[in-house]
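A.B. asks: Chain by chain, the residues run as shown.
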Amino acid sequence: MSTTKSYEEINQKLKAGKAVVLTAEEVAEMAKEMSPEEIVEKVDVVTTATFGAMCSSGAIINFGHADPPIRMEKIRLNGVPCYEGLAAVDSYIGATACDPDNPEYGGAHVIQDLLEGKDVVLEAWGKGTDCYPRKHIKTKININTINEFTLFNPRNAYQNYNVAVNTTSTIKHTYMGTLLPNLRNATYSTSGELSPLLNDPEFKTIGLGTRIFLGGTQGFVVWPGTQFHTTKPKNELGVPVTNAATIAVIGNLKEMSAEYIQAASYEKYGVSMFVGIGIPIPVLNADIAKRVSINNSQIETSVLDYGTVGTPKLGQVTYEELQSGTIKVKGKKIRTAPVASLKKARKIADELKKWLQNGEFEVTKPVQMFPANTSLNALQETEVDND
Amino acid sequence: MIKKRYILNFPPQSGDKAFTYHLVKDYDIRINILKAEVYPGKRGSLLLELQGKTENIEKGVKYIKSHKITCESLDKRIRWKQEKCIDCGNCTAVCFAGALTMNKSNWELEFDKSKCVVCELCIPACPLNLFEIDFR
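Protein chains in written order, with the numbering used here: chain V, 28 to 414; chain R, 10 to 145.
The set of hints was computed from the structure by calculation and includes no laboratory data. C-beta atoms are modelled at their ideal positions from N, C-alpha and C, and glycine is treated no differently. Check before you lean on any hint, since a few could be wrong.
[To be verified] Far from chain R by the CB rule (all over 12 Å, computed), these chain V residues: (1) Lys-32; (2) Arg-98; (3) Ala-114; (4) Leu-207; (5) Glu-286; (6) Glu-294; (7) Phe-301; (8) Lys-340; (9) Thr-363; (10) Pro-365; (11) Leu-406; (12) Glu-408.
[To be verified] Below 30 Å or equal to it, Euclidean Cα-Cα: the simulated BS3-like pairs (lysine-lysine) are: (13) R:Lys-71 / V:Lys-370; (14) R:Lys-68 / V:Lys-295; (15) V:Lys-165 / V:Lys-154.
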């Protein structure tokens, strides 16, 4: 019977500064010479991280009430539309929102401007009510004038992601970057063996309430992310070979750093936001030790043709091959390029490791685990009555 | 022998002279035209790779400049706001010339300007808009 540890034991060791914390890359290296049973004896927490563009992100903002007050029924921040269907001065700004006349500046840029302490122009309109008589307001706000400024991202940290290529004869502009014609490049997004959900593929430790690194501060996993899919094809190690599960995360933007939240604009696609996420995985038993030991040669992903409708699968490659700079698809050698920052992901994993070692951060037992056996519906189009 | 890339900008009246011929013939410079935009009577821009003896290239550049043509080394015409770069790698996907590459040990972006062919694909490919190339 091999060693098992509880969250409490690990947290006590963290507090006493006696815990052994490694990054997922370090433990993958260690696993070349050690068994999972030996690793669970030796290592207490493994840090994982990612820094990539995550479109399903945004911020909840409460502007505070003006005098006389207004029920904001149409809201713009630096011209970017924000959601108005909440209470009088509550709003949600989505990372990808933008004014169609200024498509390169979007919600993510507004969030970044606020985060960097810049003034942002708030303009809002209302119909005027007995309790909210005002019909228009135009003023400057910044991170100090607003009340809550909460990052709430419905879908982040995809568990694996596809490699994008283009078999057509024309250039394709996608959220996976610019794809050159005739299979002249391939782009990939995940941080491989360092990626959070690839190190806990069956959600044995990550669930509702998991404390994480989010944008430079402490945040939480609050729900399965949208499009949470746990029954996608897996390899013999139980790791999905395509984009599968996701997480919804929340955290206080007022405590975050612009170093780990970055607005981005993709040619002929639109706006997105790079989000820095780090997740500590407590090594509770040998099974978890085995999961976090996984290395780039054992993680596979699917190569999809983004130039063709239906994105047909052309092959399957490992992260070791992707990071080597070339992959082989249909007998052709293709140059690879990442579209997410491994350098930044490593920095996050190291930063989280320091927080844990210094006793500033603890591992959290989820309040509730995520569902297994989930799949997705496609949008079925049905006839609509016109009356 | 050195090899260096230059951007030449021709004013409207200089478009009809065979400067490249003189660079070869009079200064013994090996020329590789990497990019050219010529609009007769309006303007022209050339990206040239010059290979030859240092003194000959200096003389050749002087000769070109004496005809009211701007001639600047390529690296002075490329700007990359490195301090803002997040090393995502999007630009390396389109850089077929191999000027923009990821360092495989620390995963930082590396930019070897001497390999740039001014295809300008990196400009829209960068999601942070950090590249500027002044070719025209």
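A.B. asks: None of the hints should be skipped; say for each whether it holds.
C.D. replies: To see whether the hints hold, each was checked on the structure:
1. Lys-32: Its Cβ never comes within 12 Å of chain R, the nearest being 32 Å, so this holds.
2. Arg-98: The assertion about Arg-98 (chain V) holds, with a minimum of 37 Å to chain R.
3. Ala-114: holds (34 Å)
4. Leu-207: Its Cβ does come within 12 Å of chain R, the nearest being 7 Å, so this is violated.
5. Glu-286: Non-interface label fails for Glu-286 (chain V): nearest chain R Cβ at 9 Å, not farther than 12 Å.
6. Glu-294: violated (4 Å)
7. Phe-301: violated (6 Å)
8. Lys-340: The claim stands: Lys-340 (chain V) keeps its Cβ more than 12 Å from every Cβ of chain R (closest is about 20 Å).
9. Thr-363: violated (8 Å)
10. Pro-365: Given that some Cβ of chain R is not farther than 12 Å from that of Pro-365 (chain V), nearest at about 4 Å, it is violated.
11. Leu-406: holds (28 Å)
12. Glu-408: Nearest chain R Cβ is 33 Å from Glu-408 (chain V), so the label holds.
13. R:Lys-71 / V:Lys-370: The hint is violated at about 44 Å.
14. R:Lys-68 / V:Lys-295: Not satisfied, since the Cα-Cα distance of roughly 45 Å exceeds 30 Å.
15. V:Lys-165 / V:Lys-154: holds (15 Å)
Violated hints for the displayed structure, listed by number in ascending order: 4, 5, 6, 7, 9, 10, 13 and 14.
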